Every structure is written in C-alpha cells, then in structure tokens.
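A.B. asks: So the chains spell out like this:
There are 2 protein chains.
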Amino acid sequence: MDQVKLYWKNATADAVGAEHGVSAQELDDIAPRIAELHEQFNVERKAGNKRYRDLPYDDEMLKAVGREVKHFGRKCEILVVLGIGGSALGNIALHNALNSYTHNLSPKHKRPQLFVLDNVDPDQIRSVVEYITPRIRNTVINIISKSGETAETAAQFILFRDLLKKKLGKKYAASILATTDAKGGTLREICKDEGYRTLEVPDGVGGRFSVLSAVGLFSAAMTGIKIDKLLAGAAHMDTLLQSPDVRKNPAALIAAIHYILDRRGKNMAVMMPYSSSLYYLGDWFRQLWAESLGKKDGLNKTDVFAGQTPIKALGTTDQHSQVQLYREGPNDKVITFLEVQNFSRKLSIPKSMKHVETLKYLAGSDFQTLMNAEKLGTEYALLESQRPTLSVIFPKISPTTVGQFIYLYECAVSYMGGLYDINTYDQPAVQLGKDATYALMGKPGFDDLKTKINAAVAKRDETFLI
Amino acid sequence: MDQVKLYWKNATADAVGAEHGVSAQELDDIAPRIAELHEQFNVERKAGNKRYRDLPYDDEMLKAVGREVKHFGRKCEILVVLGIGGSALGNIALHNALNSYTHNLSPKHKRPQLFVLDNVDPDQIRSVVEYITPRIRNTVINIISKSGETAETAAQFILFRDLLKKKLGKKYAASILATTDAKGGTLREICKDEGYRTLEVPDGVGGRFSVLSAVGLFSAAMTGIKIDKLLAGAAHMDTLLQSPDVRKNPAALIAAIHYILDRRGKNMAVMMPYSSSLYYLGDWFRQLWAESLGKKDGLNKTDVFAGQTPIKALGTTDQHSQVQLYREGPNDKVITFLEVQNFSRKLSIPKSMKHVETLKYLAGSDFQTLMNAEKLGTEYALLESQRPTLSVIFPKISPTTVGQFIYLYECAVSYMGGLYDINTYDQPAVQLGKDATYALMGKPGFDDLKTKINAAVAKRDETFLI
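Chains as they are written, first to last, in the numbering used here: chain G, 1 to 466; chain P, 1001 to 1466.
No lab work stands behind these hints, which were simulated from the structure alone.
For clarity, every value in this text was computed on a predicted model and none was experimentally measured.
Check each hint, because a few of them may be wrong.
Computed list of lysine-lysine pairs in BS3-like fashion (alpha-carbon distance at most 25 Å, straight line) [claimed, not checked]: (1) P:K1108 with G:K108; (2) G:K166 with P:K1360; (3) P:K1166 with G:K354; (4) G:K171 with P:K1354; (5) P:K1108 with G:K5.
Throw the hints in and build the complete structure from the sequences for me.
C.D. replies: Given below as structure tokens:
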C-alpha cells in the first residue's frame, strides 16, 4: 500500500537553531505525558469513547453508503450537498483532492456534478438554483445535519425542498437523502413524516471528525471516489500509531512539535500543500485544529485561552504572496508542507522555447519536477531563515493516502488537545453566535438577548467613519 | 455613488476593554506620525513615486484595455490567464466578486469562461488543457508577467503556446495577448519576435498593487465587468483619503488600528467577508498585507522582523470552523468583517416548513436577513469575548464599491508600512526560493546553491518517521 511519509528534521533545533526548533531534551520531557495520553486514549477507545478512531472498520456504515449510492446513482446528474462546518468541509476536501479540477465542467457518465453549499449567500444559492432547475429531475439533494436545526442548513433545505415540490410534485421526497441522527431531532422527525431515505451521522463523533463516516463518504462515492480505499488507508494509519513513544508515533510527534513551538510563541500552524488538489484539505484542517484546540477553559484550569491558529497556504502560488512574510516576518509559525512525489500523469514542458536564453533551463523538463523543485527551494529558503517546517509526503494522491492523512491529523489533534489539557471535542463558544442569530431572526425565547444586541449596535450608523 | 462605510468602534478600548482595544490616547499618540506619513506620501505622489495611487485616472490604460477587449472579445469563448501572485490574485478576486458563482458553467453570450492558472500543478493544468483543446479556436491566452522570467508563468506559457501552435499552425500568435513590461525583458522580446498583441504592466507599480491596471482589468472587462466603474470607485475613495488626521482618513485609521494592536501582540489580521463572492478578496488582501509588511529589515534599523499575518475567513461558513478559536483562543487577532447590505436580488426562505416548531422562525424570512443576522450575531459574540473587530460595509457588491475597497486597502498598507518604518514595496526574501528553484532545475549559474541545497536534504529518506 502507498504510504504517506513524515519528515520532521527541519523542525528540530539541529536544523533551525535552539531558539526556533524542538530540542531532543524537549521531546524527552514531553515523552511521559505523551505515553500517558496514549494509554488514556486506548482505554477510552476500548470503552467506546473514541468513536472516530473506529470509523475505518465500520463495515455496516460502508454498506449503508453503498446501498444509497446504488439507489441514487443511476439517475443522478447533479448532487447538491447542504451542510456547514463538519458536514461540508470533508466533502469539499475529498472532492477536490480526488476528482478532476474540471469535474463539474466535464461531467462523466454516472459521476454527477457536485455542489456543496456551505453558506447562505443569496447570490450564490440563487445561481445554483437557476443552474439546477432545468435538470431538477436528475438532481439529488443530500442534507447533512445531526439535529436539522442548524440555521444555515435548515434555511437551505427549506428552499430546495420547496423547489423539488414545485417541480416534481408528490414525488419530491424521492430526490432527498438525509444524513442525520439515527434516532431523534428535527430532521429525523421530518424524515419520518415525509419518507426520505436516510444515512446516519454516527453517535459520539463530532462534525470535524466525521469525514470518514456517511457524512463525507456519500458524496465521495457518488462522484466516483473509492471510499473503501479511503477507509483502508485510515485503518493502515491506525497501525502506524500504536507506539506510546513520541519519537515513534507520527500523530504524537506532530502534536508534540506543534505544542512545544506554540508554547514558545509560534501561535500559527500553516498547512501548505504543493498541490492544488490538496489545498482544500487545508480548510478541513483549519476546522479540526481551530475548533478542537481553541478553548478558554482547560480540564483543570480556567482561562487558559489555548489554541494555535491554523492557516492554509498553497504552493507554489503563495511563494508569490506569503513566503516573503514567512521568511522575514516574526518567526511565529510552524509550517507543514504537503509534497506529492508522483502526480497522476506526467506533463512535459515542451522544448519549443529553448532558443530563449533565459527560459532554456525549462525546455524538456516537466511540471512535476518544477513543482517539487519549488517545494524544496522554499523549504530550503525557510531553513535558511530558521523557520521550522514539517513535510508530509504523498507518494501519490489516492484515496489510500488521503485516508491516511485524514486519520493521522485527527489523531494528532487528540494528542495536541491532551497536551493542552483541554476538551478537544466540544465547541462551547459557538453557541452564543447561534443564539444571537436566533434572537435577531425572531425565534421565540431569545428576547433578552435581542435587546442586548440591539443596544450594542444602537446608533452604529452615526459612528461610521465614512 | 454607492459608498463603502467603515465601522471601527468595536476595535476601541471603549468596546472591548483597554487591554484589547485601541484607546483615544493611542490614536492621539500616533496622529503626528500619520500626519507626517500623509505629507510624505503626497510629496512622493507628486514626484511620480506612488504610481498605484494614480491608476484610477489613467485614461490611456483604460482605452488600451478597451481596444484589446474589442479585438479579442468577439470570438472568445474561453479566456485563460497565465500569471502568479499579483498577476493572478486580482483577476481571481474581481471575477469572483462581480461575476456569477456559476459563470463558467452557464456561459453567456460574449462573456467567456475564465480560467486563471496560478500554479504549476500538472493535474490541474492537464485538466484545463483537455477541457480547452476542443475549443482552442475560440480560446484566448493572456499571459501576464512583467519580465516573462517567472518560472511558473514561463512554464505554463511554453505549454499553452505549444498547444496553440500545434492546433492552429501559423496563426497561433493571434490567440495570445501578453501583458508585460512596456520596453524590455524576456517576454517583451518574445512579443516582438512573434508578433503578439500586448498590454502594459505599468512601471513603478508592484504586482500586489496592480489589479487596477491592465493586469487585472483585461480579464475583468472580457467577462463583462464594468472596469470604468471600478476605477471611478477607486477615484472616489481617493477623495475620502485626503485628510492627514488619523481619525478622518479611513486608510490611515485602518493602518493605525492594526499597527497598534499588532504591537500589543495581535499578530494576525483576519479578513472575514459575509459573502461568498467577496471571499477571494481575502487572497488579494493576504498578498497585499504579507508581502508589503513582512520585512526583516526596516529603513533605519535591521532585524525588526515586522509583519502581521493576514488570514482569510468566510462568514457564515467559518462560524462553524474558526469562531470557536476566535472567541476562546488567545486574543491575538484583529478581525475585519465585510458586510453586504443588499445582495443582488432577494431570495426568500419559503413558508412551507412553518409547521415544524423549531424551524418556524425561518418561514417567510430571506437569506439576506439571515446572513446579516449571522454577521451581527458573530460580531456581538466576539464583542462579548473582548475581541476587536472592524466592519467594512458594502451597500451592495458592485464594481464601484469593490474599486473603493481595493483602493482603501492599498492605501492602508502604505500607512501601515510607514508606521513600521519599512520598505512597503519590495519583496527581497522571495528571491532565494526562486534561485533555489533555478538551481534545482539546472539553470546555469546556480551550481553552488544546488550543492548547498542537496547537502541540506542529503539522506532525507533515512530520517522519515514513517
């Protein structure tokens, strides 16, 4: 099986100096805590409290997804996923990583066009509605929401359900697949009332850990991605994460390096794929890192204000945008490159301009060689400026390696949260914004909050500068 | 004329407390320096050394772009822009802000599909090549490069020129428009040899300040954006930036707030549009902020390591990804919302689910109301957590307001660089990565560097963790 590799020497004190790299002593110091966390995770996993770790082995789920793909696949030309956060970012990441850049422009037989709508922008939604309306008979709507009450997803769903009803009449329900809680909640009730087909959002798996469940796998399989290979890749990574030794467990090591350097002021974690397809894994990573680690209160202390800010960047593109800052700005980042050793197919740079002296060196080379030279060049330039970097190396981009990567980082964030001594799996601060939205939208029970918000923005217009 | 507005009270000590907001005293303290910079910029501008400030008044340039649009517009069904960094990000931002989300899927008469290729990913490029090949007779290639020697753009250009030659024979040159230096350089020489039509990259305007020149305007105009309105918007903003008073000049105030808060540890500047269309202005902003401000050496001091890290986020999407961190993580960010008061057209949320108790509040509302409630809800939640925010408010998204926004932030970064006392307009640290790429690609004259790089990565494979 192809396997991703981890190169971490350029994050060490040996490579970038004692001030900016991780020392052997620091790894020794953190090793006992890592071993402790490792043991704790094993106990929790056995007790059924680390459900995301077992998704790669869930054959029932895989079968259920397969059943729905078989059911909806035949006639589906357009698949619209309605979801937000963990119900969207995994879908988007898998699609971009494993399907062609022109997937939606050049639809292939039995591989529907895919739209993942993870916002409530009226202009964007209207464009999609106008695009799909003439093709509505061959459109499938997959709403993904554990409760069905998330305002953004609910609003979208009401709109698309209405559209289906108007165009298809009573048969509208046959065009809807709901991925939702197995037992209860608003959406499950609607499913029962209206007779939708369903898949399950697994219990005990937070949105940001759910890409390898029905949440992320249905749209992937519909567009032709081999989801069994994704899970096999994740399961393979699981076998590589069995050591309690920080130096032998890549998830633990990634966590240790980021934690140690964050504590020394590197409050940003950049994920920089040298691959346009892998760029959207950066958004998936952003949610995983930010929501898991951004916590005011620890398990044993209050007001810890933990959290390293995740940033996505793109090689080579951001060499001409961000690398100036990454090299010469404050040394406040840990940068992880994703390197691809073999792109799908070779693409040569023709020799036709070899008569131009300044371009001669490109003649007869190829884009993969150029991409990897740029990556190594940037890594070297950052090393020269004593900036710590890691590289995750993909032998190729495949369901297997993408599955490995996803599982590796899910586990890494668990160790990282353990080191911060926080709850890695909740997101308490999201609620106030949701409540404020409810209040402003006039949902009953939020009158006091509405009064407070209105007071806070009273006379806003009078204080505009321009 | 519609005009963007600036709301800044939520970045003040009054709103978020003395520890995290800007105080009146701090603005008083910085006012003299701002006034000095303002005067200095005026002198420089009069001397012709702030060329980007005068682009909105360049009628010759506007005419030249119009001429090329007229020439290429008639038969063009696909426009491919080859460029990177400042030669691409402005094009992408304008396209996404002002054209429909489904622009490339639903081509309209005389409005070509647009591909801006700003990377050398072989899989991505091959997809585009395969897509355009059957339509090559109606494809126009716009290569944008001041020198023509940027490796990424040059490699792409060699490939696409070769494709045109193979498919069109001697007439291939008629499908190429080169936007390049007026007088010299590799690309200008090729243009002369092969007879391409050309537009000019203006002298004295760096890539990241060039979107309002031929660099950004040709693709915009080709896809139907009213570029005269863009420039009129920028020119209108210019009239709002005439005061030397930090409290009366929005560009100066934006700079002062970011500078003061960066000095107090808020080393990140988040740009968070509540609009999917404006999201790509975030990438344009990232380059503007990062390359302009990320500087090791100041004008009068060495080793200052200046620079605030720009981050793009998206409302409402990132409420379910980043806001947990923004509220509860370290208070290390200045967040700027972009708010849209009126989207293009109203999109109602149907009343058809009003029988569901938990969703009743949405029935009969609309997506714009929801979007703005979410924005205000998030702003309020951040205020509660003492996180400083700004809002730039777009009455609507139009060429006029987008032009205003671009000019506002270009000027803001000039003040910001002035406050750091750095050279805002160079990017010295980018060169080593370029040289390293040349070295690895075998360009003559870089042998020593190649030896050094190879030594740095020798035995890399032996040190992979997995």
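A.B. asks: With reference to the structure, classify each hint as holding or not holding.
C.D. replies: Hint check:
| no. | hint | in the structure |
| --- | --- | --- |
| 1 | P:K1108 with G:K108 | 23 Å, holds |
| 2 | G:K166 with P:K1360 | 20 Å, holds |
| 3 | P:K1166 with G:K354 | 17 Å, holds |
| 4 | G:K171 with P:K1354 | 21 Å, holds |
| 5 | P:K1108 with G:K5 | 46 Å, violated |
Checked against the numbered hints above, the structure breaks only hint 5 and satisfies the rest.
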